[in-house]
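Once you have looked at the hints, place chain B with the ligands on chain A.
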Amino acid sequence: MPNNFDRELTLKDLLLGIDSHRLLTDLQGLLDAPVAILDSQGICLVGEPLASESTASLALVVELESIGKITADAPVPRLQAATDLVTLLLRINARYLMASDLHMQTQQADFDELQRRHIALEKSEQRYKALAETLEQRVKQQVKTIESAQIKLYESEKLASVGRLAAGVAHEINNPIGFIRSNLSTASSYLESLNKIDALVESGASAAELRTVWHAEDMAFLQKDLRDILDESINGTDRIAAIVRDLKGFSRINEEVDENADINQIIRQVCNVAAAEIRGKAEVLLDLGEIPLLHCHPGELGQVFLSLLMNGVDAMSSVGKIQFRTRLKEDRIHIDVRDNGCGMPESVLTHIYDPFFTTKEVGKGMGLGLTVCLNIIKAHDGGMEIKSKPNQGTLVSIILPVKAVPSC
Amino acid sequence: MALYDEENNKLSIKLVYYGPAQSGKTTNLMRLHDILRTDLKGEIMLMETANDRTLFFDLLPLGFKAPSGLLIKFKLYTVPGQVVHDSTRKAVLSRADGVVFVADSQRTQSVNNGESFANLEDNAARVGIDFDRLPLVVQFNKRDLANILSEDEVMERWRAAPWPITFSSALEGQGVVETFNALLPQVYDRLDGEFGFQQTHGLSRDDFVRQSTGQTAVDGIA
Ligand SMILES: Nc1nc2c(ncn2[C@@H]2O[C@H](COP(=O)(O)OP(=O)(O)OP(=O)(O)O)[C@@H](O)[C@H]2O)c(=O)[nH]1
Ligand SMILES: [Mg+2]
Numbered sequence: 001m002p003n004n005f006d007r008e009l010t011l012k013d014l015l016l017g018i019d020s021h022r023l024l025t026d027l028q029g030l031l032d033a034p035v036a037i038l039d040s041q042g043i044c045l046v047g048e049p050l051a052s053e054s055t056a057s058l059a060l061v062v063e064l065e066s067i068g069k070i071t072a073d074a075p076v077p078r079l080q081a082a083t084d085l086v087t088l089l090l091r092i093n094a095r096y097l098m099a100s101d102l103h104m105q106t107q108q109a110d111f112d113e114l115q116r117r118h119i120a121l122e123k124s125e126q127r128y129k130a131l132a133e134t135l136e137q138r139v140k141q142q143v144k145t146i147e148s149a150q151i152k153l154y155e156s157e158k159l160a161s162v163g164r165l166a167a168g169v170a171h172e173i174n175n176p177i178g179f180i181r182s183n184l185s186t187a188s189s190y191l192e193s194l195n196k197i198d199a200l201v202e203s204g205a206s207a208a209e210l211r212t213v214w215h216a217e218d219m220a221f222l223q224k225d226l227r228d229i230l231d232e233s234i235n236g237t238d239r240i241a242a243i244v245r246d247l248k249g250f251s252r253i254n255e256e257v258d259e260n261a262d263i264n265q266i267i268r269q270v271c272n273v274a275a276a277e278i279r280g281k282a283e284v285l286l287d288l289g290e291i292p293l294l295h296c297h298p299g300e301l302g303q304v305f306l307s308l309l310m311n312g313v314d315a316m317s318s319v320g321k322i323q324f325r326t327r328l329k330e331d332r333i334h335i336d337v338r339d340n341g342c343g344m345p346e347s348v349l350t351h352i353y354d355p356f357f358t359t360k361e362v363g364k365g366m367g368l369g370l371t372v373c374l375n376i377i378k379a380h381d382g383g384m385e386i387k388s389k390p391n392q393g394t395l396v397s398i399i400l401p402v403k404a405v406p407s408c
Numbered sequence: 001m002a003l004y005d006e007e008n009n010k011l012s013i014k015l016v017y018y019g020p021a022q023s024g025k026t027t028n029l030m031r032l033h034d035i036l037r038t039d040l041k042g043e044i045m046l047m048e049t050a051n052d053r054t055l056f057f058d059l060l061p062l063g064f065k066a067p068s069g070l071l072i073k074f075k076l077y078t079v080p081g082q083v084v085h086d087s088t089r090k091a092v093l094s095r096a097d098g099v100v101f102v103a104d105s106q107r108t109q110s111v112n113n114g115e116s117f118a119n120l121e122d123n124a125a126r127v128g129i130d131f132d133r134l135p136l137v138v139q140f141n142k143r144d145l146a147n148i149l150s151e152d153e154v155m156e157r158w159r160a161a162p163w164p165i166t167f168s169s170a171l172e173g174q175g176v177v178e179t180f181n182a183l184l185p186q187v188y189d190r191l192d193g194e195f196g197f198q199q200t201h202g203l204s205r206d207d208f209v210r211q212s213t214g215q216t217a218v219d220g221i222a
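Sequence order for the protein chains is A and B.
Going letter by letter, the first sequence gives residues 1 to 408 in the working numbering.
Going letter by letter, the second sequence gives residues 1 to 222 in the working numbering.
Extracted from the complex, chain A is given alone in its bound form (with noise of 0.2 Å):
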């Protein structure tokens, strides 16, 4: 701790700094006699003692009080001459002595405060990251929510339009069974005539009889027919086969695995699978250009392309034509479904990728939105551009970089 400037300054505080050795030469050059300061204790400050009898004394007054006296054996005018001569020195040595004090109290006290400062602000800093933390936390929270929401809207258009999907492939599959069933009740019904040849047969009938009830039974058609209904019905199973080897592709989406595939190859089977949602609705026009495998993710991309035709389809008001083309352009696949249905207004354009939007009534709008369309193209590091204009259809084109694909 500093000193406190305005303490009462003894003799000695005030001599301090002041070579004692030569003022005490000084003084007694001037006086031409031994000298002696002493405080007011008595305790000799500068030189000796001095005992004589003659020695005159003079107070060291340098506020009001005396604080010590000069001793000399000299005259008093002289002794007061050099009293004055003393007293002067202490007052600007006191002047000095108080101005460095205060300085240093000063100093010392702005250096506590800063250091209270600097204490209060390192307090409020550590608050500041405690919030900082609890923040950094809710803000995770909320993208986990956010993210966990959009993987939820994601399901859920899926499942939409594979319920779309299911309706289109149910009714591409009875139709085949259909055929098939009446197929092999006609070919059961055949079976009651082999047996009447085969009972005449095991009796021993002769060749005249045989060939009368091989007449009777019509068995050349019947053969004929027979041929017939297993090729078709052999047709129905191969075409059962198809959709379900197409249907495949789609029932892959949840897989995570990445692989390498032929784009022409997903947009087959896609217009394949929505066969029956198509008919008598478009006509698809496939311009599959030469392009190579891509690494990607089929399933995905394959619902994708769905959901563009199936807006394509929705689009019509009578017949149109949907169209697929894909070209390869600078290691990029350039895929566009271009149909010439209604088209959308600026208005509505402006708000294609918003969640949830739709022109659609509850119930049509099946597929997934083009917010979902639009974040599978950009996980394959690809891009989507919508055109359209009202009353002549729309240009949905996506590019995808052909990646370096890892062989294994």
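Hints were generated in silico from the structure; no laboratory data involved.
C-beta atoms are modelled at their ideal positions from N, C-alpha and C, and glycine is treated no differently.
Watch out, some of these pointers could steer you wrong.
As the list claims (entries may be wrong) - To give an idea of the chain B side of the interface with chain A (calculated C-beta under 8 Å), a few residues: (1) Ala2; (2) Asp5; (3) Asn9; (4) Met45; (5) Thr49; (6) Pro67; (7) Leu71; (8) Lys73; (9) Lys75.
Just chain B with the ligands, lined up with the frame of chain A:
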């Protein structure tokens, strides 16, 4: 707080002249030094820069002996009024036994007066002075100038204040002793209990005031 030095039988009382820059604190001290006839009057120590602005403080020592032989020593300080010297103001104000607040009467200075007074309250609290019990006089200085607040206006503004208000023209020495006189009885009352002025030292309130300024009974008011 006043400091009793038993060895030298001395009581040091610290009085501080506070107020905005250039209000006349240093001038008050200089005139007191000229006018007062206190038994013991030291030399005035001025610590100013070239253009008369107090840099650290000014100090005027005054004193007299009580009948008991006790030396009563006043140390009158001024603070630097300039806003930047707040740390110094705080250090000088610390342990004060009484304060004279020197306000500048000029109309243009009202805001400065107000800010400085608030600063006095703040700093008193910071250095541990109980402001409500602090002996205080508010002096409106520079009454000789034109364009000053009238006495009525001043009294109206300070109506609710408990402190004595004095008017002065320190440059001409008018009102400085009256101001000092208005502070002294408060100081006596504040310290009497602790130091037994009347009981131990045979010093009445009137004598305390009279001797502090060096008025003999016949002088009347200076
Ligand atoms: N006209 C007039 N001028 C005065 C009066 N008192 C002081 N002054 C002048 O005002 C100026 C400032 O006076 P100071 O006593 O130095 O003021 P201060 O309050 O000590 O100022 P700081 O040390 O800067 O805080 C000087 O020029 C004084 O002469 C007064 O009563 N009337
Ligand atoms: Mg000053």
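Each hint, compared with the structure:
1. With 8 Å as the threshold, the beta carbon of B:Ala2 stays out of range of chain A, its nearest partner Cβ sitting at about 12 Å, so the hint is violated.
2. The interface hint given for B:Asp5 holds, since its Cβ lies 7 Å from the closest Cβ of chain A, which is under the 8 Å cut-off.
3. About 10 Å separates the beta-carbon of B:Asn9 from the nearest beta-carbon of chain A, more than 8 Å, and the hint is not met.
4. Using the Cβ-Cβ criterion of 8 Å, the hint placing B:Met45 at the interface with chain A is satisfied: the shortest such distance is roughly 6 Å.
5. Hint status for B:Thr49 relative to chain A: violated, with the closest Cβ pair at about 12 Å, above 8 Å.
6. For the restraint placing B:Pro67 at the interface with chain A, the shortest Cβ-Cβ distance is roughly 17 Å, beyond the 8 Å limit, so the hint is violated.
7. With a least beta-carbon distance of about 6 Å to chain A, the hint placing B:Leu71 at the interface is held under the 8 Å criterion.
8. At a threshold of 8 Å, the smallest CB-CB gap from B:Lys73 to chain A is about 6 Å, leaving the interface hint in force.
9. The criterion of a C-beta within 8 Å of any C-beta in chain A is met by B:Lys75, whose closest approach is roughly 7 Å, and the hint holds.
Hint violations for this structure: numbers 1, 3, 5, 6, all remaining hints satisfied.
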